[in-house]
Amino acid sequence: MFDDVSSDFIETKISPIDNGVGGLKRGSLTLVLFDPEVEGEYLPIQIAYNVVIEKKAKVIFPYVEGTPDKIISIFLNITAKHIEVPEIFVKEYIKDNIVVIDGYSSLIARVPKETKFYVKNSTDPRSWIESFEQALQESRKDNKEIVFIASNLSSVVDFAGEEGGIAILKYLRELLNQNKIHSAVVGLGNWPYSEEFWKTINGEIKPDLVIRASRYVYKLKVYDYIVIQHCSWKDVSPIKRNKYLFRVEIPGPGFTIYIPKIIVTGPYNAGKSTFVSTLSSKSISVDVMGTTIALDFGIITVKGFSAHVFGTPGQERFDILLPHLAKEAFGVILIVDSTRPESLERAKEMLSKLELYGVPVVVAANKQDLPEALPPEEVKKRLGLPDDVPVIPTVALDRNSVIRVFETLAELVLSQGGGSA
Amino acid sequence: MIVEKLSTGIKRFDDLLYGGIPIRSNIMVYGPPFIGKEWLITRFIAKGLEEGQPSVAVLTNSGVEEFREELRKTLKTERPLEEYEQKGLIKYVDAYTRIIGDTSVFEGAYYVESFADTTTILRMVDSALRDVMRFNLPIRFGFISISTLVVNVSSQAAFRLAYMIAGVVKRYKGTGLYAVDSGMHSESEVSTFAHLMDGIVEFREEFEPEHKTYLRVLGLGQVKSRNWIEYVYNGEELKITGSFAIGRIV
Numbered sequence: 001m002f003d004d005v006s007s008d009f010i011e012t013k014i015s016p017i018d019n020g021v022g023g024l025k026r027g028s029l030t031l032v033l034f035d036p037e038v039e040g041e042y043l044p045i046q047i048a049y050n051v052v053i054e055k056k057a058k059v060i061f062p063y064v065e066g067t068p069d070k071i072i073s074i075f076l077n078i079t080a081k082h083i084e085v086p087e088i089f090v091k092e093y094i095k096d097n098i099v100v101i102d103g104y105s106s107l108i109a110r111v112p113k114e115t116k117f118y119v120k121n122s123t124d125p126r127s128w129i130e131s132f133e134q135a136l137q138e139s140r141k142d143n144k145e146i147v148f149i150a151s152n153l154s155s156v157v158d159f160a161g162e163e164g165g166i167a168i169l170k171y172l173r174e175l176l177n178q179n180k181i182h183s184a185v186v187g188l189g190n191w192p193y194s195e196e197f198w199k200t201i202n203g204e205i206k207p208d209l210v211i212r213a214s215r216y217v218y219k220l221k222v223y224d225y226i227v228i229q230h231c232s233w234k235d236v237s238p239i240k241r242n243k244y245l246f247r248v249e250i251p252g253p254g255f256t257i258y259i260p261k262i263i264v265t266g267p268y269n270a271g272k273s274t275f276v277s278t279l280s281s282k283s284i285s286v287d288v289m290g291t292t293i294a295l296d297f298g299i300i301t302v303k304g305f306s307a308h309v310f311g312t313p314g315q316e317r318f319d320i321l322l323p324h325l326a327k328e329a330f331g332v333i334l335i336v337d338s339t340r341p342e343s344l345e346r347a348k349e350m351l352s353k354l355e356l357y358g359v360p361v362v363v364a365a366n367k368q369d370l371p372e373a374l375p376p377e378e379v380k381k382r383l384g385l386p387d388d389v390p391v392i393p394t395v396a397l398d399r400n401s402v403i404r405v406f407e408t409l410a411e412l413v414l415s416q417g418g419g420s421a
Numbered sequence: 001m002i003v004e005k006l007s008t009g010i011k012r013f014d015d016l017l018y019g020g021i022p023i024r025s026n027i028m029v030y031g032p033p034f035i036g037k038e039w040l041i042t043r044f045i046a047k048g049l050e051e052g053q054p055s056v057a058v059l060t061n062s063g064v065e066e067f068r069e070e071l072r073k074t075l076k077t078e079r080p081l082e083e084y085e086q087k088g089l090i091k092y093v094d095a096y097t098r099i100i101g102d103t104s105v106f107e108g109a110y111y112v113e114s115f116a117d118t119t120t121i122l123r124m125v126d127s128a129l130r131d132v133m134r135f136n137l138p139i140r141f142g143f144i145s146i147s148t149l150v151v152n153v154s155s156q157a158a159f160r161l162a163y164m165i166a167g168v169v170k171r172y173k174g175t176g177l178y179a180v181d182s183g184m185h186s187e188s189e190v191s192t193f194a195h196l197m198d199g200i201v202e203f204r205e206e207f208e209p210e211h212k213t214y215l216r217v218l219g220l221g222q223v224k225s226r227n228w229i230e231y232v233y234n235g236e237e238l239k240i241t242g243s244f245a246i247g248r249i250v
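Chains A and B are the protein sequences, given in the same order. Position one of the first sequence corresponds to residue 1 (our numbering), numbered consecutively onward. Position one of the second sequence corresponds to residue 1 (our numbering), numbered consecutively onward.
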């Protein structure tokens, strides 16, 4: 979609943002507006991590909630998988490419020591801008794209006042207009600021992309989600109502788009348990001599997604459980044994017994490593499923093929509105 | 049984309020320092523990250990504070200890690590309230005090935090008392915050001809009197000595 101007976009590796609006556009200011009780500042933090680790840009990152060591250790405790930088260089790479500006030391009259760049007086917006200038000048020497990311401008506002926050945003606008940085991402808590403040944000500052992070409580459980509320370069009205659930886990994968429940089902001996355990970082299975008699459960964190996966037993005597296990599922992975065409009828039957309507389904045509396996197209035909149901060839022990199934399903779930129940 | 009012633990104060503070309300406790505001809030929490109700205390001008001492003094049962703590009936959010560089740890307390990080304080209050929500009983909430935050952040930032916390407390069906010192904030800030509250307990003192202290109640539904009522506070006890009975024969 954006191929012709691809160099103007930096991917965030946060699926709804990249798929929704293409990523961070050159010259754009992104505002992540979060309810203060929701951990929304981790979205900018994760974006900073992703663009650096994917070697897309250098990041200037002012930080006021603690010492530079604290934020660096947060970055180092994100274990999201990436390809660009080998594991052993990650630490060094993060330290070299995330330029932290210390806005904390001056508040507690501490001598700044971890970084060259610090704010001399954190209650004075000019002092902030001065430190940005210094960091910018130094960073430009590398000839890399620069993305400016402030995870929580509200902390700055607490000390430098609303005018201070506005002054910083205006300064960023200027940098963007002069093409001195590629783009900027600013997190801001939705605190009860003055009307004047919000008016200036919406008027004069006018962010190009607005992502809202909020929370809802359903059956005593708390769900945090993001919504893409506004975008100046793309019409977001079709996805504006989609709520993408998220979780933050550090140490761990960091900020991930969260799918609370995915059902893995299929006939007896199709390879469901193997599939779940290959896919999961943590999994349990209740089985007797290799056959699942209760359920499999796994926690999955893959490529910016996290999900809880529930496997069902395949034997007919457990069919009565199926609708209960499937309650409130967001998606279904149907696993079939491609070497046993006679089991496909049973697969269809199980799918209908789940009593899930309108929930996305992806079929894994499993055991493709065996010579007698039916090709995926044939499996699709025999299952008689609608055209838009993807059928993906898999080998349950091969992590890549299994991940492809999960990713396909996750994207389908998001395109249908994410977690908006 | 539905509890509609929460006893304050001060008998005559309960009388004045027709039984206590209505649940799910937020009250500003306002007045000069050292006049019994904090004692009133501490006693409110202690009374809750005595009745088996959960509490959350947010501390910005003393550490959790100090506060526990005060709480112990105001508890009027034979049971030690530890017993309530072990049950998880009380949670503390300590925004003081770390900031003065003390690294001691008390389980059952959330420590705000860095200097007046309002976002973190709010999150910890939210977590502490969720911890005690499981009892499914009225939650008592005390904030001591909003004014001390001003040492670190602007007065506006302190009230922004209090505003958000009051919303969170209501969401968890809590009843909150917030200490605010007079003379620390602009009048407009105090009155803006007062508008968000369901009531105010206001304290004042007089020095001439002799030192006397008074309190009055604004808002809070029906009360027996809205007049200034004399009380005495000696650091260990707060006693209402003035009279407010309706139809009293003069």
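Treat the hints as calculated values from the structure; they're not laboratory data. In this text the structure is predicted, and so the values were computed from the model without any measurement. All residues carry an ideal CB built from backbone N, CA and C; glycine is no exception. It is possible that some hints are incorrect.
To be verified - Over the 10 Å line for every Cβ pair with chain B, so calculated as not near, a few chain A residues:
(1) P36
(2) E37
(3) G66
(4) K70
(5) N121
(6) L136
(7) N152
(8) S154
(9) V157
(10) G189
(11) V222
(12) I228
(13) K234
(14) Q315
(15) E345
Said to hold, decoys possible - Okay, derived cross-link-like pairs now, DSSO-like style, lysine-lysine, Cα gap no bigger than 27 Å in a straight line:
(16) B:K212 x A:K219
(17) A:K234 x A:K261
(18) A:K261 x A:K70
(19) A:K261 x A:K199
(20) A:K221 x A:K327
(21) A:K219 x B:K170
(22) B:K173 x A:K221
(23) A:K144 x A:K170
(24) A:K180 x A:K240
(25) A:K120 x A:K180
(26) A:K261 x A:K170
(27) A:K219 x B:K87
(28) B:K11 x A:K221
(29) A:K206 x A:K234
(30) A:K206 x A:K170
(31) A:K219 x A:K113
(32) A:K243 x B:K170
(33) A:K120 x A:K55
(34) A:K199 x A:K144
(35) A:K180 x A:K261
(36) A:K221 x B:K76
Tested hints:
1. Residue placement check: P36 of chain A does not keep its beta carbon more than 10 Å from all beta carbons of chain B (closest about 5 Å).
2. At roughly 5 Å from the closest C-beta of chain B, the C-beta of E37 of chain A falls inside 10 Å, breaking its exclusion from the interface.
3. For G66 of chain A, the non-interface assignment is contradicted: its Cβ lies about 5 Å from the closest Cβ of chain B, within the 10 Å cut-off.
4. K70 of chain A, annotated as away from the interface, has a beta carbon of chain B within 10 Å; the closest lies near 8 Å.
5. With a closest Cβ-Cβ approach of about 14 Å to chain B, N121 of chain A is found to remain outside the 10 Å limit, as its non-interface label requires.
6. Every Cβ of chain B is farther than 10 Å from the Cβ of L136 of chain A; the closest lies at roughly 26 Å, confirming the non-interface assignment.
7. Listed as a non-interface residue, N152 of chain A fails to keep its Cβ farther than 10 Å from every Cβ of chain B; the least gap is roughly 6 Å.
8. The non-interface label for S154 of chain A is inconsistent with chain B: the shortest C-beta to C-beta separation is roughly 6 Å, within 10 Å.
9. Not every beta carbon of chain B lies more than 10 Å from that of V157 of chain A, the smallest distance being close to 7 Å; the non-interface claim is violated.
10. Consistency note on G189 of chain A: stated as away from chain B, yet its beta-carbon is not over 10 Å from all of that chain's, at 6 Å minimum.
11. Listed as outside the interface, V222 of chain A is inconsistent with that label: its C-beta sits roughly 8 Å from the nearest C-beta of chain B, within the 10 Å cut-off.
12. Once the 10 Å rule is applied to beta carbons, I228 of chain A is consistent with being away from chain B; the minimum gap is 23 Å.
13. With a least beta-carbon separation of about 30 Å from chain B, K234 of chain A lies farther than 10 Å from that chain, consistent with its non-interface assignment.
14. For Q315 of chain A, the non-interface assignment is confirmed: its Cβ lies about 38 Å from the closest Cβ of chain B, beyond the 10 Å cut-off.
15. Against the 10 Å criterion, E345 of chain A stays outside the reach of chain B, whose nearest CB is about 47 Å from its own CB.
16. Simply put, K212 of chain B and K219 of chain A have alpha-carbon atoms about 52 Å apart, too far for the 27 Å limit, and the pair is violated.
17. Straight-line distance between C-alpha atoms of K234 of chain A and K261 of chain A comes to about 31 Å, which puts the hinted pair past the 27 Å bound.
18. About 33 Å separates the Cα atoms of K261 of chain A and K70 of chain A, which puts this hinted pair outside 27 Å; it is violated.
19. As the CA atoms of K261 of chain A and K199 of chain A are separated by approximately 40 Å, the hinted pair breaks the 27 Å bound.
20. Between K221 of chain A and K327 of chain A, the direct Cα distance comes to roughly 16 Å. Compliance with the 27 Å bound is thereby established for this hinted pair.
21. As the CA atoms of K219 of chain A and K170 of chain B are separated by approximately 18 Å, the hinted pair is consistent with the 27 Å bound.
22. Annotation: proposed proximity of K173 of chain B to K221 of chain A holds, straight-line Cα distance about 16 Å (limit 27 Å).
23. For the proposed pair K144 of chain A and K170 of chain A, the alpha carbon gap of about 23 Å is at most 27 Å, so the pair holds.
24. Restraint check for K180 of chain A and K240 of chain A: not satisfied, since their Cα atoms lie roughly 31 Å apart, outside the 27 Å limit.
25. Restraint check for K120 of chain A and K180 of chain A: satisfied, since their Cα atoms lie roughly 23 Å apart, inside the 27 Å limit.
26. Between K261 of chain A and K170 of chain A, the direct Cα distance comes to roughly 43 Å. Violation of the 27 Å bound is thereby established for this hinted pair.
27. Restraint check: the Cα-Cα separation between K219 of chain A and K87 of chain B comes to about 25 Å, which is no more than 27 Å; the hinted pair holds.
28. Of the pairs offered as hints, the one joining K11 of chain B and K221 of chain A is violated, with about 39 Å between alpha carbons and a cut-off of 27 Å exceeded.
29. Distance restraint check for K206 of chain A and K234 of chain A: the Cα-Cα separation of roughly 15 Å lies within the 27 Å cut-off, and the hinted pair is therefore satisfied.
30. At most 27 Å may separate the alpha-carbon atoms for a hinted pair to count; K206 of chain A and K170 of chain A meet this at roughly 10 Å.
31. Only pairs whose Cα atoms come within 27 Å are accepted, and K219 of chain A paired with K113 of chain A is rejected, the gap being roughly 48 Å.
32. The hinted pair formed by K243 of chain A and K170 of chain B meets the criterion: a straight-line CA distance of about 25 Å does not exceed 27 Å.
33. Between the alpha carbons of K120 of chain A and K55 of chain A the distance comes to roughly 31 Å, so the proposed pair goes past 27 Å and is violated.
34. This hinted pair does not check out: K199 of chain A and K144 of chain A have alpha carbons roughly 35 Å apart, beyond 27 Å.
35. Annotation: proposed proximity of K180 of chain A to K261 of chain A is violated, straight-line Cα distance about 44 Å (limit 27 Å).
36. As the CA atoms of K221 of chain A and K76 of chain B are separated by approximately 36 Å, the hinted pair breaks the 27 Å bound.
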